[in-house]
Amino acid sequence: MREDKIAELFSEKCRSLGGTPYLNEEAFGLAMRCKIGSYEKAKEMLWFVRGLEAPDEREIYFSVDGGDNLRSFGYSLKKDPKNIYIIRGHEGINIKLMIKGKPLGLIQKKFEEYLDSITEELSNGLRSLFQGKPGLGGTWRFKRDSSSGGYSLDIALYGTEFKDEELEAIFQNAENTQKEAQEILDNLKKNAVQVSDRTAILF
Amino acid sequence: MDLPSCINEISGKLREKASNDETVRDIVRRKGLEKASKDICLLLEGSRRWDKTLSLFKERGLYHADPDSFGFEFTIFKEGIAEVRVGFEPSHKARVDLNRMRVEYYDMSKNVKWVVKNLFEDLGAKCKTEVDSLICDISGLSDEDIVRIFPRFAAVVSMNVRLNEGGERWMRDPIAKQECFDKGLKDEELELCCVRTFLEEIHEGR
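Protein sequence lines, in the order shown, are assigned to chains A and B. Oh and the first sequence: position 69 is 69 in my numbering, straight run, nothing missing. Oh and the second sequence: position 10 is 10 in my numbering, straight run, nothing missing.
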């Protein structure tokens, strides 16, 4: 399918769900985003995108943003339509998963270091998310991808395809982790002093 | 920048916080009240210049979208660390850590990193380029040069787009046109020249 056709279908679907589509050229290809307000709609968008046929030459990256509540899911299409790219997070935490997608130059060592530096609960949650998943061992990659609360995580992994029910489990876990993220963020915000429209100090 | 009065004000705030917050007490114990306050003040001044520079870049049409519609923010952590938004992706941020005296900028684009590296090295930073990042040692920089790091973050926004467009957005700026286009510069060198020229023109957000 041609890139412009995919963009048209994507935009149409996004609007039909009450979202706002926008397109942008990124380093890794054409990014199509749909700003959308709910987790359920984001999921519907991802499911729709999964059904699209990949273009022949270009990588197309999709993500679905929840605005302030940053619930993002994405799908990266290359020749292999099984590529899936999931981003999930909240203001304070971004989790990005990439399966068989373009690696972001992430390295396992950094990831492990980072897991050690974040809260134990969050770290355990993330570790358990992928435990026992065949083909994922040793494929962790990490990139520091900071976010407003200072806690953020960006994970890329590839080599395994996720089935629908496995994706459902990931979403469920993502929602649980999001609650933890919200608590961390709420605590940080209690101590925030806004010094201008764009700047805050977290005491 | 009125550093002494800022230090005075922030010291009071930290002292007050330290009375009921273990983390703040620990920071003050480790760094000393004056150093902890000074770091926050340098970051505050940096944020002010970043803010002003961001607005001026926006006014000149140098961004491909409006940063204010995307919630661009600058967060200062009490530990002496700042995180600043450098792109339209919510997670695209750079970090300045005044404890480790380093700047971390994450990007996969080689040409953007080349420009940013040069912009930081103009200040005396020593930068190392990795596949996905640019890490700069800023330990030799003066207070003023540390503050000058921040307007450069505003210049990074949309840089990949400007580079893809062949510098078209800079054509509207007469000084950049004269100083850079008329010299026949292209691509990264053109972008670097234009950013340097514009930062100078706007006094780096002072």
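Check before you lean on any hint, since a few could be wrong.
Only pairs whose alpha carbons sit at most 35 Å apart, straight line, appear in this in silico DSBU-like list of lysine-lysine [as the list claims (entries may be wrong)]:
hint: 1; chain 1: B; residue 1: K126; chain 2: B; residue 2: K183
hint: 2; chain 1: A; residue 1: K41; chain 2: B; residue 2: K58
hint: 3; chain 1: B; residue 1: K126; chain 2: A; residue 2: K5
hint: 4; chain 1: A; residue 1: K13; chain 2: B; residue 2: K183
For the record, the hints were derived by calculation from the structure and aren't laboratory data. This one's a predicted model, so the numbers in the text were calculated from it and none came from an experiment.
Going through the hints against the structure:
no.: 1; hint: B:K126 x B:K183; result: 28 Å, holds
no.: 2; hint: A:K41 x B:K58; result: 32 Å, holds
no.: 3; hint: B:K126 x A:K5; result: 46 Å, violated
no.: 4; hint: A:K13 x B:K183; result: 48 Å, violated
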